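Chemist: This is what each chain is made of:
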Amino acid sequence: MNHLPLIIKREYLTKVKNKSFIVMTILSPMIMIALIAVVAYLSQLNNDKVRNISVLDESGLVQDIFKDSEKIKYDVLKGISLENAMLLSIKSETYGLLHIAKIEDLNTVSNHVKFYSEESPSITVISDLEDQLESKLTNINLQNNGVDLGLIESSKIKVNMIQESFEGEETSKIDSIVKLIFGGAAGYLLFMFIIIYGNMIMRSVIEEKTSRIIEVIISSVKPVQLMLGKIIGTSLAGITQFVIWLVLGGLLMLIVSSVLGIDFAQMQSPQQEMMKQAMENPEMSMKVQDIMMAFFNMPLTNLVVAFILFFISGYLLYSSLYAAIGAAVDNETDTQQFLLPILMPLILAVYIGIFTVIEDPHGTVSTVFSFIPLTSPVVMLMRIPFGVPIWQQIVSLLFLVGTFMGTVWFAAKIYRVGILMYGKKPSYKELIKWIKY
Amino acid sequence: MKNLLEVNQVSKNFGAFKALNQVSISVPKGSIFGLLGPNGAGKTTLIRIINQITMPDEGTVHLDGELLRDTHIKDIGYLPEERGLYKSMKVGEQALYLAQLKGLTHSEAKTRLKYWFDRFDISDWWNKKIQELSKGMAQKIQFVVTVLHQPKLLIFDEPFSGFDPINANIIKDEILRLREEGATVIFSTHRMESVEELCDDIALIHKSNKILAGKLIDVKRKYKANTYEVGIRATNKELLQTELSQKFDISQASFKTLEDELKLNIKLSDSEKPNDLLSYLGSRGEVSHFVELIPSVNDIFIQTVKNH
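So the sequence lines, in the order shown, correspond to chains E and P.
If you count the first sequence from 1, position 137 lands on 137 in our numbering, and the numbers rise without skipping.
If you count the second sequence from 1, position 4 lands on 4 in our numbering, and the numbers rise without skipping.
Since the hints were made in silico from the structure, they are not lab data.
Be aware that one or more of the hints could be misleading.
Claimed, not checked - Lysine-lysine pairs mimicking DSS-like chemistry, simulated, CA-CA at most 27 Å apart:
(1) K215(P) x K29(P)
(2) K267(P) x K247(P)
(3) K9(E) x K87(P)
(4) K224(P) x K256(P)
(5) K73(E) x K49(E)
(6) K215(P) x K172(P)
(7) K425(E) x K18(P)
(8) K273(P) x K215(P)
(9) K18(P) x K413(E)
(10) K222(E) x K110(P)
(11) K74(P) x K222(E)
(12) K9(E) x K90(P)
(13) K222(P) x K306(P)
(14) K207(P) x K429(E)
(15) K222(E) x K18(P)
None of these values were measured; they are calculated from a predicted model.
One chain only, chain E, in its complex shape (with noise of 0.2 Å):
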């Protein structure tokens, strides 16, 4: 008789009404959100504060260049000593006051100049503020040695270089990051999944022992099939539960950005900003349709047909472990200790992912983890955007899957014998001794 169906069901539906569940469907995205519209609020208010900054430049080569922005104002002072200057800058609670002594020899104004402020002044303030002494002072140096600033000016020459695979294809540095953000995207969408609902598989294997139902249910079904429903059961729920996060995360964000006025966009840390100064370069300027020619550039159909294949088998992998444990233990305090070995490859595959794959996706530790079956999911899924071999995704699938089957078949004679063991906390050891029995 075949009541996968009917396992499944239940544990679908158990899953998807238990309350916390709901709670957690719901109010997470909501946290997130509200989270994330903090944070841009917060990071929006100190962007908006305007900061006074006071000059005195004694050298008198650079009071010209100290423009008002949006973010800083500059009062320049004149004919005042430096000690009243900065009681001056006390008094009016400016920002702080920037002093550039008088210069004789251009080669040492480094020593010369001075910023002075009651708490320390913000990391973009300061290299804004070098950065504009310093183009300015370069130019004053190259204008006493002669140099004709317009012709350096005009002489200047960009490149912007295309890249392009030896089959003709071209790419750019746009692809790059859209095939980078899929790639780990997709693995660590894997990653976490796993690591959620793996967790919820072994605790519901773990309850049906505590509870003392397992025997009465495996006395009308067998034990694989009772995992395997609980396994798909449990990732329906999960499947379910992401989709709505997408779409509830998806229509906050746009009910808060339209409502507040914040544009999450504009979360900018002082990395972001200078990376924006960067794109704001003619040149490099990131455009939509740019974006978009990366992403049908990518090698779409083999991205969803792999992914859908990785995803599964590495999912099914890994949690009919999850169920094994739960079956190997009584209750989650020992779960421990066999959860590090199967955390550990999964670890390991999402590090080489963010830190090999993005250097080098094609080199020698990518594509042997990219075939290892504990990692090769996660590592294959990030490398797959950057074109890999139809040759070694198959290889690499019929590994995966022989494994998966191999795992499957010893997680099932674990869970068959632990789910009627009870007491003491079973060994590796008794565990190798349970398969023969």
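For this one, chain E is given, so just place chain P on it according to the hints.
Modeler: Chain P alone, transformed into the frame defined by chain E:
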């Protein structure tokens, strides 16, 4: 076919440990069969083999003349000793699920559940969660779920644990009624008085071996010690006791009587007849009590296990 279940030379090893060694039992159709044995004897392993939870290493099991196979799951109802239900699932949903696992359709299961819930007067529990019920209440649900699919063979492992005497009686009557309706029952328990009361046949398993089996009455006949419990009124009890001790194998007995009688257990040899003893006793005093001692299941259990 006289026997519903035939277990033939079944062995099972767990690693180096032999849980069952060449065990055979036959359960007659329509009987209540007591599966007895000390803790760890192998009863649960045997029951699990019958339920196809565990596979035997050697030997065969036949149900109703057919070699045990998947489709027999619906013919067996099993109430394990380690039992429980999903704590956070509603009673009705849960019962429906378990019934469907046993092969009933949704509507069939619903109709039968309604019948049983009405019968036990527990219809208002349908939408409650198991965690809201007491242990005894949950056990009742568990009993209903076990018998719902009207299996040919019912296996109860300690069915009365967790029940108060009133509910235990209700369950006992239900078991008897199910037997009347044609079900065969295997009954595993440590409560010997219920074995005495319910079982037609017994088998005793000890240290993975079957050491005793048969109709309860035959077993008792086999184990009777040819001993009689007697009470005699006599003027000089000491003298009479000395006299009897020279003629027979006697020991002190204790039972309640109205007068101050001499109370003895007298064991006869195979050649001596109880009538001869009675007439001999009659000539010595007034016999107020004369009963053949029938060994209780409890005595048989203890004695057999000790001898092995």
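Chemist: Run every hint past the structure and note whether it holds.
Modeler: Hint-by-hint comparison with the structure:
no.	hint	verdict
1	K215(P) x K29(P)	holds, 13 Å
2	K267(P) x K247(P)	holds, 11 Å
3	K9(E) x K87(P)	holds, 18 Å
4	K224(P) x K256(P)	holds, 22 Å
5	K73(E) x K49(E)	holds, 11 Å
6	K215(P) x K172(P)	holds, 20 Å
7	K425(E) x K18(P)	holds, 22 Å
8	K273(P) x K215(P)	holds, 25 Å
9	K18(P) x K413(E)	holds, 19 Å
10	K222(E) x K110(P)	holds, 24 Å
11	K74(P) x K222(E)	holds, 13 Å
12	K9(E) x K90(P)	holds, 15 Å
13	K222(P) x K306(P)	holds, 17 Å
14	K207(P) x K429(E)	holds, 26 Å
15	K222(E) x K18(P)	holds, 24 Å
Consistency note: the structure conflicts with none of the earlier hints.
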